Amino acid sequence: MAYLLLYVDDIGLTASSTALLNRIVSFLSNEFEMTDLGELHYFLGITITRNASGLYLNQRNYAADIIHRANMTHCNPCTTPADTRTKLAGIGPSVPNPTLYRSLDGTLQYLTTRLDISFAVQQVCLFMHDPREIHYKALKRILRYVKGTLEFGLQLYPTKTSGLVAYTDGDWAGCPSTRRSTSGYYIFHGENLISWSAKRQHTVLRSSAEAEYRGVANAVAETTWLRNILFELHCPLTATTLVYCDNVSVVYLSTNSVQHQHTKHVEIDLHFVRERIALGTIRVLHVPSSHQYADIFTKGLPTPLFTAFRNSLDVIPTNASTAGE
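One point on numbering: in our numbering, the residue at position 9 of the sequence shown is 9, and numbering is uninterrupted.
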């Protein structure tokens with residue numbers, strides 16, 4: 001068995017044996033002009049380091065370059081990327097250099113190993129068409145946070161556990177301008193975080209249950225796609241995928257076929273999730289808000305809670321000791 005990951009002219013290749021790996025590299029070298037760079041250590045701007053616990057992904061140089069472009073190399077760091085008190089809206093004076101704002105905003109979206117800034121980046125991205133001073137202030141806060149956490153990255157572990165577990169949350173009507181909700185989720189494959197999202201929903205919803213349920217439907221759709229990908233990679237999952245949310249009403253709605261007045265507008269999502277549950281591939285369960293780590297993708301959090309959730313998602317500094325060590 002061999003897996004080849006191709007992006008334009010960059011290739012990552014792994015195989016079930018060294019002999020097979022060498023044979024494939026030799027074959028490719030005969031067909032195409034290419035260079036074998038040895039063990040994977042750098043791919044698409046991500047530095048890959050092997051440690052006692054597995055693989056460590058970090059984008060320190062890329063992050064430092066973003067801070068340098070913003071002329072914030074000597075700025076004071078801050079402990080969280082988003083303010084807990086302020087909701088961004090399209091008000092206030094315009095920024096003098098919107099091009100710089102859009103450039104910095106766009107580069108932050110490629111800081112992919114730093115999922116802890118996903119919500120904050122998503123928020124400032126909403127105003128790229130007409131950035132205001134309050135948005136630029138929020139953007140600089142993200143950069144100050146990144147400045148203080150340059151050594152942080154994502155830890156991946158070798159694991160025999162292969163099930164999928166998802167956490168999903170929603171911030172109902174959190175946008176003060178549009179009253180749309182923000183939903184977020186993250187998904188673990190075994191002990192490894194492999195997928196996450198922070199996204200504003202497309203429509204205005206009439207209740208928190210609707211907002212939370214749309215978030216569950218998004219997470220279920222992603223886990224369904226991941227199950228299909230793993231099946232194609234000859235690693236099929238037999239265990240049911242667990243989806244956790246902190247809204248009891250959503251747990252009941254996922255299995256209760258009775259339609260209620262305040263849920264009739266999400267009928268398509270309801271049927272989709274219930275179909276997955278009926279097939280036995282998904283279970284929707286309740287989790288206390290104190291353990292709802294997906295909050296990090298839907299709202300600004302106080303420093304102690306943000307730090308605890310960040311550690312639980314395996315976003316740690318380079319020299320941090322892990323469970324494997």
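In short, the hints are calculated from the structure, not lab data.
These numbers were taken from a predicted model, which means no experiment stands behind them.
Any given hint might turn out to be false.
[As the list claims (entries may be wrong)] Here are the simulated lysine to any residue pairs, SDA-like style, with alpha carbons at most 20 Å apart: (1) Lys199 - Arg102; (2) Lys140 - His68; (3) Lys140 - Glu151; (4) Lys87 - Leu305; (5) Lys137 - His68; (6) Lys140 - Lys160; (7) Lys199 - Phe306; (8) Lys137 - Gln122; (9) Lys140 - Arg60; (10) Lys147 - Cys175; (11) Lys140 - Met72; (12) Lys137 - Gly148; (13) Lys147 - Lys199; (14) Lys160 - Ser16; (15) Lys87 - Thr203; (16) Lys299 - Cys125; (17) Lys160 - Leu242; (18) Lys199 - Cys78; (19) Lys137 - Thr203; (20) Lys299 - Cys175; (21) Lys299 - Lys160.
[As the list claims (entries may be wrong)] Here are the in silico distance ranges between beta carbons for each label pair: (22) Ser94 - Asn22: 52 to 62 Å; (23) Tyr157 - Arg60: 14 to 24 Å; (24) Lys160 - Asn51: 16 to 26 Å; (25) Leu100 - Ile229: 34 to 44 Å; (26) Ala19 - His202: 46 to 56 Å; (27) Leu233 - Thr49: 39 to 49 Å; (28) Leu233 - Phe27: 18 to 28 Å; (29) Leu233 - Ser94: 46 to 56 Å; (30) Asn51 - Ala89: 39 to 49 Å; (31) Pro302 - Leu233: 38 to 48 Å; (32) Cys75 - Tyr110: 32 to 42 Å; (33) Ala89 - Gly163: 37 to 47 Å; (34) Arg200 - Glu33: 40 to 50 Å; (35) Ala221 - Leu21: 31 to 41 Å.
Glycine residues also receive a C-beta, built at the ideal position from the N, C-alpha and C atoms.
Right, here's what the structure says about each hint:
no.	hint	in the structure
1	Lys199 - Arg102	holds, 18 Å
2	Lys140 - His68	holds, 12 Å
3	Lys140 - Glu151	holds, 19 Å
4	Lys87 - Leu305	holds, 19 Å
5	Lys137 - His68	holds, 17 Å
6	Lys140 - Lys160	violated, 41 Å
7	Lys199 - Phe306	holds, 19 Å
8	Lys137 - Gln122	holds, 15 Å
9	Lys140 - Arg60	holds, 18 Å
10	Lys147 - Cys175	violated, 27 Å
11	Lys140 - Met72	holds, 8 Å
12	Lys137 - Gly148	holds, 17 Å
13	Lys147 - Lys199	violated, 24 Å
14	Lys160 - Ser16	holds, 16 Å
15	Lys87 - Thr203	holds, 18 Å
16	Lys299 - Cys125	holds, 15 Å
17	Lys160 - Leu242	holds, 17 Å
18	Lys199 - Cys78	violated, 24 Å
19	Lys137 - Thr203	violated, 27 Å
20	Lys299 - Cys175	holds, 11 Å
21	Lys299 - Lys160	violated, 33 Å
22	Ser94 - Asn22: 52 to 62 Å	holds, 58 Å
23	Tyr157 - Arg60: 14 to 24 Å	holds, 21 Å
24	Lys160 - Asn51: 16 to 26 Å	holds, 19 Å
25	Leu100 - Ile229: 34 to 44 Å	holds, 38 Å
26	Ala19 - His202: 46 to 56 Å	holds, 51 Å
27	Leu233 - Thr49: 39 to 49 Å	violated, 24 Å
28	Leu233 - Phe27: 18 to 28 Å	holds, 21 Å
29	Leu233 - Ser94: 46 to 56 Å	holds, 48 Å
30	Asn51 - Ala89: 39 to 49 Å	holds, 43 Å
31	Pro302 - Leu233: 38 to 48 Å	holds, 40 Å
32	Cys75 - Tyr110: 32 to 42 Å	violated, 21 Å
33	Ala89 - Gly163: 37 to 47 Å	holds, 41 Å
34	Arg200 - Glu33: 40 to 50 Å	holds, 45 Å
35	Ala221 - Leu21: 31 to 41 Å	holds, 34 Å
Hints 6, 10, 13, 18, 19, 21, 27, 32, counting from the list given before, are not met by this structure.
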